[in-house]
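Assemble the complex: chain B is given as a structure, and chains Z and H must be docked to it using the hints.
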Amino acid sequence: MMPNPNSFNNGNLAVEARNMHVYYGNFRAVKDISLKVKRNAITAFIGPSGCGKSTVLRSFNRMNDLVTTARVEGEILYHGNNIYDNDVDPVEIRRRIGMVFQKPNPFPKSIYENVAWGARINGYKGDMDELVESSLRQAALWDEVKDKLNESGYSLSGGQQQRLCIARTVAVKPDIILMDEPTSALDPVATLRIEELIQDLKEKYTIIIVTHNMQQAARASDYTAFFNMDRDRAGYLVEYDRTPDIFTTPQNELTEQYITGRFG
Amino acid sequence: MSITTTSTETNSSQKRFTLGASKMSGNYAARKRKSQIMEGILFLAILLALTPLALILFEVIRRGASAMNIEFLTSVQNISLIREGGGYLNGLVGTLYMVAIASIIAVPLGVATATYVVEYSDSKLVPFIQFFTDVMTGVPSIFVGLFIYTILVQGGGGFSTLAGGLALSLLMIPIIARASEEVIRLVPDDLRNAAYGLGARRWQVVMQIVLPTAGSGLITASMLAVARAAGETAPLLLTALGAFKIVPELLGSPQAALPLIIFNEARGPFEPAHARAWAGALELMLLVLLLTLIARAIGRKTEAAI
Amino acid sequence: MSSDANVFQRPAISRRGKSSEDVWFQRALALAGASVLIILAAMLISTTINAWPVFAHSGWSFITSAGWDPGISRTEITGSYGALSFILGTLITSGIALLIAVPLAVGCSLYLTNIARPTIGRPLAYAIDLLAAVPSVVYGLWGLLFFIPIFIRPVLKLIADTLGEVVPFLDGPVVTYNYATAGIVLAIMVLPIITAVTREVMSKTPIAEIQGAYALGSTRWEMIRAIVLPRARPGVIGATMLGLGRALGETVAVAMLIGGSEQMPTTLFQGGQSMAGVIAITFQEASPENIKALLGVGVVLFVITVIVNMVARLVIWATGGRIAGDAAV
Numbered sequence: 062m063m064p065n066p067n068s069f070n071n072g073n074l075a076v077e078a079r080n081m082h083v084y085y086g087n088f089r090a091v092k093d094i095s096l097k098v099k100r101n102a103i104t105a106f107i108g109p110s111g112c113g114k115s116t117v118l119r120s121f122n123r124m125n126d127l128v129t130t131a132r133v134e135g136e137i138l139y140h141g142n143n144i145y146d147n148d149v150d151p152v153e154i155r156r157r158i159g160m161v162f163q164k165p166n167p168f169p170k171s172i173y174e175n176v177a178w179g180a181r182i183n184g185y186k187g188d189m190d191e192l193v194e195s196s197l198r199q200a201a202l203w204d205e206v207k208d209k210l211n212e213s214g215y216s217l218s219g220g221q222q223q224r225l226c227i228a229r230t231v232a233v234k235p236d237i238i239l240m241d242e243p244t245s246a247l248d249p250v251a252t253l254r255i256e257e258l259i260q261d262l263k264e265k266y267t268i269i270i271v272t273h274n275m276q277q278a279a280r281a282s283d284y285t286a287f288f289n290m291d292r293d294r295a296g297y298l299v300e301y302d303r304t305p306d307i308f309t310t311p312q313n314e315l316t317e318q319y320i321t322g323r324f325g
Numbered sequence: 002m003s004i005t006t007t008s009t010e011t012n013s014s015q016k017r018f019t020l021g022a023s024k025m026s027g028n029y030a031a032r033k034r035k036s037q038i039m040e041g042i043l044f045l046a047i048l049l050a051l052t053p054l055a056l057i058l059f060e061v062i063r064r065g066a067s068a069m070n071i072e073f074l075t076s077v078q079n080i081s082l083i084r085e086g087g088g089y090l091n092g093l094v095g096t097l098y099m100v101a102i103a104s105i106i107a108v109p110l111g112v113a114t115a116t117y118v119v120e121y122s123d124s125k126l127v128p129f130i131q132f133f134t135d136v137m138t139g140v141p142s143i144f145v146g147l148f149i150y151t152i153l154v155q156g157g158g159g160f161s162t163l164a165g166g167l168a169l170s171l172l173m174i175p176i177i178a179r180a181s182e183e184v185i186r187l188v189p190d191d192l193r194n195a196a197y198g199l200g201a202r203r204w205q206v207v208m209q210i211v212l213p214t215a216g217s218g219l220i221t222a223s224m225l226a227v228a229r230a231a232g233e234t235a236p237l238l239l240t241a242l243g244a245f246k247i248v249p250e251l252l253g254s255p256q257a258a259l260p261l262i263i264f265n266e267a268r269g270p271f272e273p274a275h276a277r278a279w280a281g282a283l284e285l286m287l288l289v290l291l292l293t294l295i296a297r298a299i300g301r302k303t304e305a306a307i
Numbered sequence: 005m006s007s008d009a010n011v012f013q014r015p016a017i018s019r020r021g022k023s024s025e026d027v028w029f030q031r032a033l034a035l036a037g038a039s040v041l042i043i044l045a046a047m048l049i050s051t052t053i054n055a056w057p058v059f060a061h062s063g064w065s066f067i068t069s070a071g072w073d074p075g076i077s078r079t080e081i082t083g084s085y086g087a088l089s090f091i092l093g094t095l096i097t098s099g100i101a102l103l104i105a106v107p108l109a110v111g112c113s114l115y116l117t118n119i120a121r122p123t124i125g126r127p128l129a130y131a132i133d134l135l136a137a138v139p140s141v142v143y144g145l146w147g148l149l150f151f152i153p154i155f156i157r158p159v160l161k162l163i164a165d166t167l168g169e170v171v172p173f174l175d176g177p178v179v180t181y182n183y184a185t186a187g188i189v190l191a192i193m194v195l196p197i198i199t200a201v202t203r204e205v206m207s208k209t210p211i212a213e214i215q216g217a218y219a220l221g222s223t224r225w226e227m228i229r230a231i232v233l234p235r236a237r238p239g240v241i242g243a244t245m246l247g248l249g250r251a252l253g254e255t256v257a258v259a260m261l262i263g264g265s266e267q268m269p270t271t272l273f274q275g276g277q278s279m280a281g282v283i284a285i286t287f288q289e290a291s292p293e294n295i296k297a298l299l300g301v302g303v304v305l306f307v308i309t310v311i312v313n314m315v316a317r318l319v320i321w322a323t324g325g326r327i328a329g330d331a332a333v
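Residue numbers (the numbering used here), protein chains in the order written: chain B, 62 to 325; chain Z, 2 to 307; chain H, 5 to 333.
Keep in mind that the hints were calculated from the coordinates and are not lab data.
Looking from chain Z toward chain H, a few residues come up when the C-beta cut is under 7 Å (computed): (1) Trp-204; (2) Thr-234; (3) Leu-285.
A virtual CB, placed ideally from N, CA and C, is assigned to each residue, including glycine.
Isolated chain B, as found in the complex (with noise of 0.2 Å):
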């Protein structure tokens, strides 16, 4: 049995927001958010579209500040550091937190060298037929592409682009990985694909991912976030916890009508 979020602690605990607000200029788009990640689990993040829970994920790794309107207030609490103090480098953390985007977007580069860049530029001075090798191999991609890693990456399907930018990601070697609708632009089978995926990377990494899928969520997380957009448009954290509890015995009304399919 997975232990309740309230019960992580410094040994099972990736990273945690603690009463964090995002504005865009002078709109709240999400308040109060304090909630805890497990290591080497996978998170799901679900809700009604606007419940502002992509901002809440691009709010660990500091993808909000390209915004420049955006502002965190509160603290996101990695290895006992807040990432948001203004000494922290944000290019340091998202080395640590990677992230895999909604729309499959590889560089207009070699597949090979999709996979390299980011290595490259984060100082990797090891084998790097071997690191590209291994990586793709954990997005399971490495049988297809084998033979034509000097192929562009524009070359294969939306399935494969999107798990060879898993393999971009993890070739970085990341120790969290955020995951924003990944499937979202896929069909069924690719979809799949990435699921089965997704629980081997557990093993390796913690894997936080927005879904708009009830079913993915409920197939393939170990805990759910349910977010909601308050009157005030603001997104907020409705329920939290271990994804059976959520699908079952959800604790508040929203939660149960939102799984049920009353809104949303």
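Same frame as chain B, now just chains Z and H:
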């Protein structure tokens, strides 16, 4: 100001709307005929606009081709305007030489300017840079020549290849900056995000992802500017001056250019010089068109790739 | 995991804030961007300083009087310098060019955006853009040896013989190269930029308004009159200003076709000289003090064109952004 303009326009167009509607009951056939006549007039405008192009191309090809030969392409300028013979090789070499120097200066500066404008668009400097880049495209090319004359030629440098190249580079910078800006804007944000997500620094994202992705489009932008610069005459009058031989020196000796020779030989009353000027014009147009066509072809490939 | 930490040499989160590489990168790019501003300022300052002795010597008469009689001194200003006839030459040729080019460009743009199917419109637009790729010295050569003597001069003679009797400034005798001939070729040269901007503005006409006009039973021409033209007006003004800026600064084609005379204009069919033209034609043989005077002419030209260009760009920006495409630069 813009608000009042818009509102009066809306009023006037609404007024015409009602007029148009009330005419519905009128003679539709007559209105239809009037429309067709006006459309015909508009088509005549196109024909009128394209007639000069046809005439130029026809005349340059006709008279240029009849004066063009191996000797013209392979020999340097005839000192005499009255005698036949000689060619514009010195001008072709000088033009390519100065355009190359101009490119070395203008391409990095123009692309860097465009990169700043797109990638650091939140900087307060950016609107000024955009505005004055646009303004700089309209600076008279002869004035650019005067400027280089004051800072380089009269200061002891004398007329030279470098002075000519510098003048051309100043004309190229805003062209490259503007065209590159459009190209860099085409690079999808998805790619930037992907790179940042891997822990890339901003300079790495720009230098290793954004600019390579825009790569061939940037070449197009630069080639268009090169094509424009290769045809320039006015700034070279005050910086390169002209020369009758092939000039390898960067400094200390005046340099020749195709447009300069055409300008000088066309203005006299002598038929042999005129014949060479037509051949030179053909050579120059082919050079410019070649550069433009290559640029467009590369550009189309980029758009397809992105 | 420990071996990973080794290959990446990653300590605990470093606390050094923003990367200095990024700061320097941004500064270098900002400097490159600012170079445009620096160059423009340097241009104005350097030429003005060099021309200053002539400005000081001539005062306002430099631009309000017409006697251009260069001295030959190396050190002082001994001649008299009044550039009015050149200024008028530039304004007259540019005015003629716009008078011809603007209606033509509006007609072309209307045809390309509202009437031609894309399969025909695109190559036609491309062909008009090509006019911008022809070097100005080729326009000069072609006008000088072909277009003016064969096509234009007979027409101008006809105008002088008929309208010239009644309309001022259109009387003969018609010399071969004159204000009008330079203006006509200049019109061809500025046509592509005016068309490019006008076309862009017209292509942004809201489709809903066009359909609205048709829904009320408008013919195509009535739709154009009611919707496209009023909306395009500010854009056409901006395009005209941009074309004016280009016409004012055009040098060699005008220098070759304007006739090269320093007299004040009394008719469009006499020879004259423009500001850029006098610099191009006389600079290479000019005395040191004459060069200062020509630099002065250049400064006046620069100030006029930059003001015209700034107004043009502001008008165009106000109509909804910058114009794409290489004909517009």
